[in-house]
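**Student:** Please arrange chains B, C and D on chain A, whose structure you already have, making use of the hints.
Spelled out from the first residue to the last, the chains are:
4 protein chains.
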Amino acid sequence: MQPFLAHPFDSDRLHEECGVFGVIGVTDAANFVALGLHALQHRGQEAGGIISHDAEQGFNSAHRFGYVRDNFTKQSLMETLPGSLAIGHVRYSTAGTKAATAIRDVQPFFGDFSMGGCAVAHNGNITNAMALRKELIERGSIFQSSSDSECIIHLMARSIQRNIPERMKDALRRVEGAFSVIAMTRTKLIGVRDPLGVRPLVLGKIGDEGYVLASETCALDIIGAEFLREIEPGEMVVISKGEVESSRPFGPSTGRFCIFEHVYFSRPDSIIGGRSVYETRRQIGVELARESPIEADLVCAVPDSGTPAAIGFAHESGIPFGMGIIRNQYMGRTFIEPTEQIRNMGVRLKLNVNRALVKGKRVILVDDSVVRGTTSRKIKDMILDAGAAEVHFRIASPPTAWPCFYGVDTPDRGKLLAAQMSVEEMREWIGVDSLAFVSLDGLYRAVGEARGRNAANPQYCDACFSGDYPVAPFDQLERGFRMKPNSETSGVEITGHAAE
Amino acid sequence: MQPFLAHPFDSDRLHEECGVFGVIGVTDAANFVALGLHALQHRGQEAGGIISHDAEQGFNSAHRFGYVRDNFTKQSLMETLPGSLAIGHVRYSTAGTKAATAIRDVQPFFGDFSMGGCAVAHNGNITNAMALRKELIERGSIFQSSSDSECIIHLMARSIQRNIPERMKDALRRVEGAFSVIAMTRTKLIGVRDPLGVRPLVLGKIGDEGYVLASETCALDIIGAEFLREIEPGEMVVISKGEVESSRPFGPSTGRFCIFEHVYFSRPDSIIGGRSVYETRRQIGVELARESPIEADLVCAVPDSGTPAAIGFAHESGIPFGMGIIRNQYMGRTFIEPTEQIRNMGVRLKLNVNRALVKGKRVILVDDSVVRGTTSRKIKDMILDAGAAEVHFRIASPPTAWPCFYGVDTPDRGKLLAAQMSVEEMREWIGVDSLAFVSLDGLYRAVGEARGRNAANPQYCDACFSGDYPVAPFDQLERGFRMKPNSETSGVEITGHAAE
Amino acid sequence: MQPFLAHPFDSDRLHEECGVFGVIGVTDAANFVALGLHALQHRGQEAGGIISHDAEQGFNSAHRFGYVRDNFTKQSLMETLPGSLAIGHVRYSTAGTKAATAIRDVQPFFGDFSMGGCAVAHNGNITNAMALRKELIERGSIFQSSSDSECIIHLMARSIQRNIPERMKDALRRVEGAFSVIAMTRTKLIGVRDPLGVRPLVLGKIGDEGYVLASETCALDIIGAEFLREIEPGEMVVISKGEVESSRPFGPSTGRFCIFEHVYFSRPDSIIGGRSVYETRRQIGVELARESPIEADLVCAVPDSGTPAAIGFAHESGIPFGMGIIRNQYMGRTFIEPTEQIRNMGVRLKLNVNRALVKGKRVILVDDSVVRGTTSRKIKDMILDAGAAEVHFRIASPPTAWPCFYGVDTPDRGKLLAAQMSVEEMREWIGVDSLAFVSLDGLYRAVGEARGRNAANPQYCDACFSGDYPVAPFDQLERGFRMKPNSETSGVEITGHAAE
Amino acid sequence: MQPFLAHPFDSDRLHEECGVFGVIGVTDAANFVALGLHALQHRGQEAGGIISHDAEQGFNSAHRFGYVRDNFTKQSLMETLPGSLAIGHVRYSTAGTKAATAIRDVQPFFGDFSMGGCAVAHNGNITNAMALRKELIERGSIFQSSSDSECIIHLMARSIQRNIPERMKDALRRVEGAFSVIAMTRTKLIGVRDPLGVRPLVLGKIGDEGYVLASETCALDIIGAEFLREIEPGEMVVISKGEVESSRPFGPSTGRFCIFEHVYFSRPDSIIGGRSVYETRRQIGVELARESPIEADLVCAVPDSGTPAAIGFAHESGIPFGMGIIRNQYMGRTFIEPTEQIRNMGVRLKLNVNRALVKGKRVILVDDSVVRGTTSRKIKDMILDAGAAEVHFRIASPPTAWPCFYGVDTPDRGKLLAAQMSVEEMREWIGVDSLAFVSLDGLYRAVGEARGRNAANPQYCDACFSGDYPVAPFDQLERGFRMKPNSETSGVEITGHAAE
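Protein chains in written order, with the UniProt record's numbering: chain A, 1 to 500; chain B, 1 to 500; chain C, 1 to 500; chain D, 1 to 500.
In case anyone wonders, no lab produced these hints; they're calculated from the structure.
Accuracy of the hints is not assured; some may be wrong.
Where chains are identical, the list cannot tell them apart; a pair therefore holds if satisfied intra-copy or between any two copies.
In silico lysine-lysine, DSBU-like type, Cα no more than 30 Å apart, as pairs [claimed, not checked]:
#, residue 1, residue 2
1, Lys205, Lys350
2, Lys188, Lys484
3, Lys205, Lys241
4, Lys415, Lys484
5, Lys350, Lys74
6, Lys74, Lys378
7, Lys188, Lys205
8, Lys205, Lys380
9, Lys134, Lys169
10, Lys380, Lys415
11, Lys205, Lys378
12, Lys378, Lys169
13, Lys415, Lys241
14, Lys359, Lys205
15, Lys359, Lys188
16, Lys415, Lys378
17, Lys484, Lys350
18, Lys241, Lys188
These numbers were taken from a predicted model, which means no experiment stands behind them.
Same shape as in the complex, but just chain A (with noise of 0.2 Å):
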């Protein structure tokens, strides 16, 4: 995912795989859904993919590559449309795979059971889908994806229960990893958020009979719908006639929340686990001021992710707040067949230091994360060019030396610097006069943990920077990954692929 307020060089940044957006019982469904998703942008940018359903026209879908406003705004793609039900998904293009992604990899995936059609859309990794898509290929299941997320609809088509939202409990306790899954058939919207809740996924309601289910709650502010709630960590709802059902398919479970939703992933103007997630940035910006003080003249962000802990450090430290670094709002996706010139340009067609401002000042810049680092050398590069006296990184997340399994796109580990260099060793290689991150428990207590991380039963999922997992990554371990020395992955055993 790219973030809502995105960092400038996304390459060197986290990113989430996609947004889940569903409405009910409102007329032309895909229209909230288009602004939904639109809404929802930051989390997948590389395509998206509607499928409503009509009591005359039964089900219809479109799937498109590029930004959801290029495509679901047309009248004439909306028309073909129509209902009062329909499900939506944006998706992030996994870097780094061989192939470019197929539009048939493009979600939400689709089903014809012998009970009528049901579609499913997933925002999350499920950990054992290789093994999953090994056994259904043996016994005659055809895939039309290279999706992982593609076994839930063959799980579910080769269950023996009669109806569909039984079936999906079928599937999804075979299923490991982190979810959350909305899905519908004629009638029902339908959403299920795996034990641990590591993906976030909200309801709400507008007008008389609507129900919504969005992955984060900006996507409701934008169809002026109202937040009722967040589906609970392995909670499965199923929402018809204007009445939603909750169980629990998993049985009891404790959540562990994904930290860096709060600290990149989330839109700053989203609620999360009841906080604000502006504040959030804010506070990490406060406890950063006081973990890590520094005289000097300005603080900037790396804009614009940077900003809200960029105001929060300057507020707590009573340095002036400027922006130094200024966006080009005219930057887009990814270039088609640019010229060589246009590749090798890269931070100069995003950015441009404010020269005026920094110039012999001791600059302060507040970036949200270090991932390979090298963002942050160009960076520094710039502001010395244009003749800053000092410059000193503030990091508004603790080092990020694991990858993330759970539908983060993270780098090899190898490629992670916080997993090769202490601090001082980060520093020095990025070549800064000061470099401090934001402690574990600091971010902890940003998001409202007075006390900090409870290392004995940790609050939150913060495997990317402890490597404490709480689900084993199956496929992983069989593709060879090693865990951290002695460390049991400290969540909830899910019984599901073991049972089998």
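**Tutor:** Quick look at chains B, C and D alone, frame taken from chain A:
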């Protein structure tokens, strides 16, 4: 022009109609032009054009609708524009004209003269274009576009001078209004600014023998060119073989630069008249806080254009700065054939209020200007819906009460809120707790004129605020526009048309 | 299928639904497939697809709407289809179905089995597809298309055989109807014809080690391949490493080739059953002239499909042959979003009468068939408007009185003119001076059966003329189609479905 | 121009460069123009343009690359061309020019004059265009296209006449060469033919008040217009309010119509000079059979253009006519970015020999003309490969030994086979058993001149065969073209240029 840190309700802003960029003495000049135009994209988003010249392949051109980055980055297109000399233009779509722009209206224009080809691109507005066009048609010129700028090349075609720079002088002496023109022959890059220097034009150096002409310094930064100086009001430069020849075709004159470039049009990281645009805008916020203080809990900007002034206001007033309004970064150009629902969404597609932040607070909203005022009302509604206790508007420019005829797309005077109402009436109509504009003197102080505006001999063109037009708008007067009673144009007399 | 020398009123003809082509053992196999499909374009114009396999890059596919020549000739696309083994398919758009074809309906279909991938392309029609689809869905298969042909690959996926050719035998033994199937694995090219051999399939040789399978011999000619032989009814060939293995998965059977392929579907330069299609059609004209002579001044064809029979008729009758109707060669596919005037022009867009030639003459018009008859009326009108003295229709096939269920798109029986009227009634309805069809025996004589049709054991499938269906149309009977009273299907019993 | 029954190796034919069509006095005139241009598509396939005029909406235009049917049939485009008066143009791509045609080269051209707008479309070639263009540029005209036809509108713009028809007379008196011009003002439709009437132009009537001007009668047929008469050589008609005014701006003259229009350019269903083109071509075949008989088994045409002459030859000789070569009807415009294999296929993509028919036979092949001769060799190879015993070429025109400068795209004289070799040398080079061309007198007889060609005062322009140019090709002579020794242009002297 859409400003670099643009306003979200772009249709309720003033717009400049273009940006120009030219370069000589570099390999693959068109690539540099593409980069320069990308940096000037805020001055015009509808369309762009590039003409290049190569010793072997002669003149080549490409004109395209849409963003520079979507067209002029492709290898396959850029290969068709070889050579070491090129100029380009980005164009704003003049909203409200009955017909859509045709591709033939996109500059640069080209003419084949007996002594060789010449390409011309123009930023500004020719105030006697209608009269000139009529005269040229009478004599057998065939206009290919509806653009007033085409007059220039026809006047050149008919000049009896035997070289192109002299023909350009002939042509521009016939032309009235505000213009920064760049042109190229097979071997020369030419730049001219009108006697008042209303529109900007700067000169830069790149490599050993290369020179650049651009609307703003930010376009020099992107290609790593060195900023040499501004072209002076009334100056013409002819650049060839590493030499810059300067002349003054219009006789001596005193400049009247457009003060609105400081307020809104130019990029904050550009330097105009030796001053940082960002710093000027921050200073306007400081002036505002001094002139119109108010008790409140939070200073917010209408993003993104109001941000520097909001930072200045917060700094001066001591009231915390926060991001109360979040802008959706995935909004792009206008929608093509949108559904009605999308059309009606306007605001929410672009902005969302950060509810958790503004709830219960007394909020100061800093905006750059008020044109029709419709936007201000909508934003006020959103802020109040989110639970703000009070809303105070502070505007970083004086009331916009007069149309601009010098290259800015302004509504008819009847649609300018400030032409119809007093400030108190405006406050009531918008429905806010208080409303204040920076004074004209305050604005002059912010741009560095410590004593404010020199009423007898104003340092800038501020006609949109003062109704004091430095050049009589000939065509407009013909069409029935009425100047301020008892006013005279305060600028130098241009002898061109009258002398004819 | 649109015939090679097509009829101008294509919507009033019968259409076959596809052509298939596969090649193994050549460099850049997909290029050969593109050429072969171009030669088979008359068998389907709506869409085409190619799947190739390369040892390093695995399977790749491309499916496109439109002509082969507009898609599969481009370097940039063909580069994505590397390898020495490839198959392809062209598809006719079944007019009148409610929904437009989706790209996922375009063959070849692909399935990933545990022993590797397999691509399948199918020409014909599966008469028990509805029943099979229902059964497969019950067991958990997810269909991706609305195409009946997809059954084949799902049946293969569920087979317990451990190699793909055996799985294909399993699958095709379950399938009823008319089919010529080609398929490919990573190393093998496979071809199968149904027990009656209703649809054509030929084998060719190219280069030292290369083999080709194609619907018609004209597709061998275009790539310079040598025509070896037809695949026999009920035969399967598996080609690998320069070897062709033949087997007979369905037991012994006698062929019943589609006689309409001779009349209209196949290209005149193809050779079927050892006979030139052109010569057969010319001979039908000869038979017509013998059976239904008439005094006249001129023999004309309804271009282009009626031309060979018209030449034969002219030769036999001694009446001069002339081009009385001229076809506009710039007509292509259907219009997209046409103006009403264009929609109403139909005839004149395609044909013009050669007025100077027909004026005052008694004209014999030779056409290939009469389906709805609407076309015949329009042509008659045009000829009379141009001043012809008399118009005599001679039809190069017997009356088309029954729908085809074996891969040809036929109107409902109620819309077939010959199902509703006697020949004299038809003559009157069309409004011509005389009307005659070739007799069924005459047609059999023209294809080389000197004694005509063997009523007890017909040599061809001629169900569209005789109502004698060699395979019971299972799904159609379920839908309420009524066979000829007291008729039995005259063909071999296929045990597949019944035995289940 | 590609002929209506086109030759398969179009690049080895002569091509005319355009067709024109205009209509006044009908509702939605642009729709009629679209239909007319579709019927004239054989005269130019590269691009087309339409300009219409509506009392309320003024002039509107659309210019597009590609076929008429792919552009000017769409509701959405045609709605932008309202009004009861419209003209259009189809353009052939002049092969071999260095640069591709730009859209601004596509006619009709438009000029805004002081008395109103005027659109002009031109079929033919202005032989003094280079000289005129130079002169016009000297005086300040700016050319927008590389088309010679643009001279006309610039000459009109500079005329001191106060109405448009008089300005057109002024302009055309300055122009030399062959031209049929149509033009329109806000209220008038204008047509002019040069004094020799080299290119065709006909007048038709539609409805009560409507009139049509078109290159050929087939374009009247498609819209149901009545053919009134040909515009005479040297005649101008001005049509307005249901009246046709005729005048003769160039003084008296005798026509020299292009005889190649009969041979190849015009559609066979058109009527020229009172004669059916089809019948003329058939008659050429008869003449050929009389002049150059040969014993053989089969007469075949090189499709489609050779067919009428082949029918005539077969009829006269008594040798059966058959379809020995089958043309692929799915070939369209040039390939874009084709693979090398496709590029090398040329012939086979378009034609296939009907092997079963020609095998063992002595074949007479009737073709329309020999230009470079490369095609003839390839066709001969194909026929022999298919097993023909003998191949005899009969050509339905005299040897093409001279380039055309009157609107036909001809190769340089050095590339015309007949300019380099005797008929016997050509026979040997092509490699056929015999080769014969119709004689010039035979051709004249076929067009109805019973006594053949009048050498002293030829009835037609036959410069391509005879080297006898009726108008001196001014620009070509400047460029170094050498006329036939001792020849004079046999036509009327045009006083325009000389008088200047």
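**Student:** Broken hints, numbered, in rising order?
**Tutor:** 2, 12, 13, 15 and 17
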